[in-house]
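Novice: Read top to bottom, the protein sequences are chains A and B. So the first sequence is residues 1 to 196, counted in our numbering. So the second sequence is residues 1 to 181, counted in our numbering.
Hints are computed from structural coordinates only; laboratory data are not their basis. Cβ atoms here follow ideal geometry from the backbone N, Cα and C, with glycine treated the same way. Honestly, I wouldn't trust all of these hints.
Unchecked claim - To give a feel for the contact side, a few chain A residues facing chain B, derived at Cβ under 10 Å:
#1 Trp49
#2 Met58
#3 Leu60
#4 Leu81
#5 Gly96
#6 Ala107
#7 Gly112
#8 Val115
#9 His117
#10 Ala120
#11 Leu175
#12 Ile183
#13 Leu184
#14 Ile196
The chain contents come next:
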Amino acid sequence: MSRTNLLDRREVTAALLRDRKDAIAIGGLGASTYDIAAAGDHDRNLYLWGAMGGAVMMGLGMALAQPDTPVVVITGDGEMLMGMGSLATVALQKPGNLSIVVLDNEAYGETGGQVSHTSATTDLVGVARACGIADSRGLDTMAEIEALAIRLQDVSAGPRFASVKIDPANLERVLSHRDGIFILNRLRGALGFKPI
Amino acid sequence: MHARTEAPAEAAPSWTGEIFSILQRFDVRQVPYVPDAGHSDLIKRVLASSTMRGIPLTTEEEGVALLVGAWAGGQRGALLMQSSGVGNCINMLSLTQIFRFPFLTLVTMRGEWGEFNPWQVPMGSSTQAIFELSGIKVLRASHPVEVSEVVEAAAGQAYNALTPTAVLLSQRLIGAKVFVK
Ligand SMILES: Cc1ncc(C[n+]2csc(CCOP(=O)(O)OP(=O)(O)O)c2C)c(N)n1
Ligand SMILES: [Mg+2]
């Protein structure tokens, strides 16, 4: 499933978040979270440093609670493979405001670059579509990424799933906050919720 | 192969209605679940509710992560599962410590009190210890009359004191599942 003209994960993430407005961004553990941090810290970022396989479900809970706010989950192929069933769960709920973007380097980059199932046999776009997410696409160009950045603001047409084949180079880590209680309560504060 | 017939359906026990009312009173909005026979009446009520959203999961750990997102977005939730599902959740249960969010789960117990199916026994036997090792308080209801006060206390401490809590609805309460040839 390898392709050429691979995109740069930092450029992709920055382009998705540049004009984010009120969008909430959730990053899967490891490199995706560093990419979101590299695009700029934000009150509406939920950074994960664990809970592998849980990023999409956090996005779903948020999307259902805040249906008028765009929610974008940006995660890795390994993280997505561990939570593949959540694509079926999302499809059933049809959250119009949820977008899922997999940065697919066909590897477990964070743990040493061991190849993942997407390098050989698994087609995550096909999986998402077969789970019932009709708007599931493989994106190859920055023009398509820019278009997705605009579409993800549309809270009525989701859920949408995109897999982006990215350059597998391991980039310098950009460390986000990792105190979950701080990150969660900052996000709740940005949405107008007071501490208990 | 033996044809399987379920035991004749009995009227739903009144305690499932009491649980539903408590969840309603605590303004629970998202109710993720993997079905269990012991939860079937509560699931029906949730799916028929206009204020709660029943969310079928493919595996129970999804529900723990879902409740983080729900709370981050301002909604309370409660996860319904059977004891075997607790094993599926273990890594995600870390989130209760990482995020200190109001986690409430109602667990129908199998593998105890006259169990017929040996495959339910190992997880049923470790359910409580797994929760406790994961930093989650465990309350148990074994008799119909105590269900509402136990669930009320659990919801109170989960939502008011951010104390992650599991209620074990014991097999004695639910009745051992009857397998008939
Ligand atoms: C349950 C669990 N298993 C394994 C790990 C180790 N681990 C950390 S990051 C990671 C791989 C992430 O791969 P991917 O999502 O593709 O991200 P990438 O670094 O390739 O962008 C793994 C396996 C973990 N943290 N948790
Ligand atoms: Mg990867």
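Novice: Hint by hint, note whether the structure agrees.
Specialist: Comparing the hints with the structure gives:
no.: 1; hint: Trp49; result: holds (8 Å)
no.: 2; hint: Met58; result: holds (4 Å)
no.: 3; hint: Leu60; result: holds (6 Å)
no.: 4; hint: Leu81; result: violated (14 Å)
no.: 5; hint: Gly96; result: violated (14 Å)
no.: 6; hint: Ala107; result: violated (21 Å)
no.: 7; hint: Gly112; result: violated (20 Å)
no.: 8; hint: Val115; result: violated (23 Å)
no.: 9; hint: His117; result: violated (18 Å)
no.: 10; hint: Ala120; result: violated (24 Å)
no.: 11; hint: Leu175; result: violated (16 Å)
no.: 12; hint: Ile183; result: holds (8 Å)
no.: 13; hint: Leu184; result: holds (5 Å)
no.: 14; hint: Ile196; result: holds (7 Å)
Taken one by one, the earlier hints fail for this structure at numbers 4, 5, 6, 7, 8, 9, 10 and 11, listed in ascending order.
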